[in-house]
Amino acid sequence: MTQQPDILCIGSVLWDVIGRAPSHMRVGSDVPGRITRLPGGVAMNIAMTLRRFGMRPALLSNVGRDAEGDALIAAAQGMGLVCDHLYRSDDLPTDVYMAIEGANGLIAAIADAHSLEAAGDKILRPLANGALAMPAAPWAGPVALDGNLTAELLREIATSALFGKADLRVAPASPGKAERLLALLGHPSATLYVNLEEAGLLCQTTFASSAAAAAGLIARGARRVLVTDGSNSASEATGTDIITQTPPAVMVTRVTGAGDTFMAAHIASEAQGMARDAALARACQAAATYVSGEIP
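Each step along the sequence shown adds one to the number in full-length UniProt numbering, with nothing skipped, and position 164 is 164.
The set of hints was computed from the structure by calculation and includes no laboratory data. Among the clues, some could well be false.
What follows is a list of derived Cβ distance ranges for each label pair [what the hints assert, rightly or not]:
| no. | residue 1 | residue 2 | range |
| --- | --- | --- | --- |
| 1 | Gly164 | Met79 | 28 to 38 Å |
| 2 | Ser189 | Val250 | 25 to 35 Å |
| 3 | Val27 | Ala137 | 23 to 33 Å |
Every residue gets a Cβ at the ideal spot worked out from N, C-alpha and C, and that includes glycine.
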């Protein structure tokens, strides 16, 4: 029997291949470390954290009909994620993300999300064919949306009646894809989750703090934003005010997925009725716990 989800996670669902070294690294470094393969992608990372906070997320993405795709879906189902609505392509392989991290943070990363981009709006079919919703009765709950979708598809979503009643929570996936979110900047129900660099790219400037970046995005037309600046601060802004907090100080052991964890924890906290200050604090704590390595 298909489980009824309480939130949709739309975007990249793939394998993360992460190489981590305990030493500082630079371009050309060749050092000992550990290489892991884990379920990843922005939509998947958000869904996994939402599940830990008691929500029931469904994944909308492309996963290939290959051995990697079968293993990925088995892993996701084992964590309690709803995978019934994934688009499975016969000719598009399962996507993969590869990153190198050192003691000084992320050194380099490559996201191969070509299959997701090629699948296009096929991943949205469950929102139109009655499986999750239909044009006459659109999805009215929260949606976590990531910027690995093409700019064309994001523009389509921005004006689509299928998302007319949705609570859109949007992340750019990476600084290199931040400008794809311009189509959603003025959406009346969108909340943007970005880091300081991504906020600067969206506003075509640089900001000295998360609060300044949040104010800049609101001035640019955003309805609501959350901006993180690593261990320095995190700010949430609406059209009326800004709140800023300092994340807990921890020893950083990893960085890939920290922003996704922050976003998911914030969504779950608000879904559980927490006030703005409390939801922001819980999201900061969740991200700090994640980067410290305490969450497996």
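For each hint, the structure was consulted:
1. Gly164 - Met79: 28 to 38 Å: Taking Cβ atoms as reference, Gly164 and Met79 lie about 31 Å apart, which means the hint holds.
2. Ser189 - Val250: 25 to 35 Å: 33 Å, holds
3. Val27 - Ala137: 23 to 33 Å: 53 Å, violated
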